[in-house]
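Here's the letter readout for the chains.
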Amino acid sequence: MQVNIDFVIFFVLAFGAVGTALLMITRRNPVISVLYLIVNFFFLAVLYLTLQAQFIAIIQILVYAGAIMVLFLFVIMLLNLGNEVQLREKLTVKKIFALGLCLVMGALLAFPLVSEIIQPAQIHAIRAKELGTVEAIGKILFTRMVFPFEVVSVLLLAAIVGAVVLAKKKFE
Amino acid sequence: MVPLPYYLTLSAILFTTGVVGVLTRRNAIILFMSIELMLNSVNLTLVAFSAFLGDATGQMLVFFVIAVAAAEAGVGLAIVIALFRNKPTVNIDEINIMKW
Numbered sequence: 001m002q003v004n005i006d007f008v009i010f011f012v013l014a015f016g017a018v019g020t021a022l023l024m025i026t027r028r029n030p031v032i033s034v035l036y037l038i039v040n041f042f043f044l045a046v047l048y049l050t051l052q053a054q055f056i057a058i059i060q061i062l063v064y065a066g067a068i069m070v071l072f073l074f075v076i077m078l079l080n081l082g083n084e085v086q087l088r089e090k091l092t093v094k095k096i097f098a099l100g101l102c103l104v105m106g107a108l109l110a111f112p113l114v115s116e117i118i119q120p121a122q123i124h125a126i127r128a129k130e131l132g133t134v135e136a137i138g139k140i141l142f143t144r145m146v147f148p149f150e151v152v153s154v155l156l157l158a159a160i161v162g163a164v165v166l167a168k169k170k171f172e
Numbered sequence: 173m174v175p176l177p178y179y180l181t182l183s184a185i186l187f188t189t190g191v192v193g194v195l196t197r198r199n200a201i202i203l204f205m206s207i208e209l210m211l212n213s214v215n216l217t218l219v220a221f222s223a224f225l226g227d228a229t230g231q232m233l234v235f236f237v238i239a240v241a242a243a244e245a246g247v248g249l250a251i252v253i254a255l256f257r258n259k260p261t262v263n264i265d266e267i268n269i270m271k272w
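Line by line, the protein sequences are chains A and B.
The letter at position 48 of the first sequence is residue 48 when you use this note's numbering, and the numbering goes up by one with no holes.
To get this note's numbering, take the position in the second sequence, counting from 1, and add 172.
There is no bait here: all hints are sound.
Using 25 Å as the maximum straight-line C-alpha spacing, the simulated PhoX-like pairs for lysine-lysine come out as follows:
1) B:K271 / A:K94
2) B:K271 / A:K95
3) B:K271 / B:K259
4) A:K170 / B:K259
5) B:K259 / A:K169
6) A:K168 / B:K259
If you are wondering where the hints come from, they were derived from the structure by calculation, not from laboratory data.
As the structure is a prediction and not an experimental result, all values here were calculated from the model.
The shape of chain A in the complex, shown without the other chains (with noise of 0.2 Å):
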């Protein structure tokens, strides 16, 4: 039977996504966990890129993994965050039923697509390689969505006003 590279490479990313993810919601350790879902960018970075987004890849581990995820370290690191205590014996009742609920809720999200797996329709795709290049993404975003672009950087000074105001020591 002839495997087609593709899904080869998809599926390794695949359980390489969910694995990570999975071990990143289980640890005791709150550093573990941030290195994990450092981890995991990486794998969505990748499938960005077989999806044909080189900017969205690269903005992804510079923004994401590069800014954000430090400033998670540097918050664990400031609080001095120790191994959380009490993981194993919390299994409530309230838990077990979230993730009852959350298995409910993955099976509605995934058996429509699930079933287009199994029964695929006729979809003609599209797929343009020259969106994912910089050029175009900045041609789009310079002429199209100039306004939704300025607003962001209003949204930025807000959150960085809120973040000093927020964290700063009281007035005396």
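Please arrange chain B on chain A, whose structure you already have, making use of the hints.
What follows is chain B alone, placed relative to chain A:
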């Protein structure tokens, strides 16, 4: 190329994993990271649709989602630090002074 439903199923699984993390863990930092995982699963859906429909709007929305997630992570962690000053814990079960 791998057909679209595979990417969407992977995104659904990642989103469910993020929801399990949000509902199950009591550590505020792990909570924020699970929220970031959910945002990333949505990013994967947007990029997959953008590639399969030939429209760059999906990738533009991913750009803005990443920017908004960065802002939200910054402010959220500032809130966690401010909370930590009053009561030295990040366990969200112990932050219950507004409970009646």
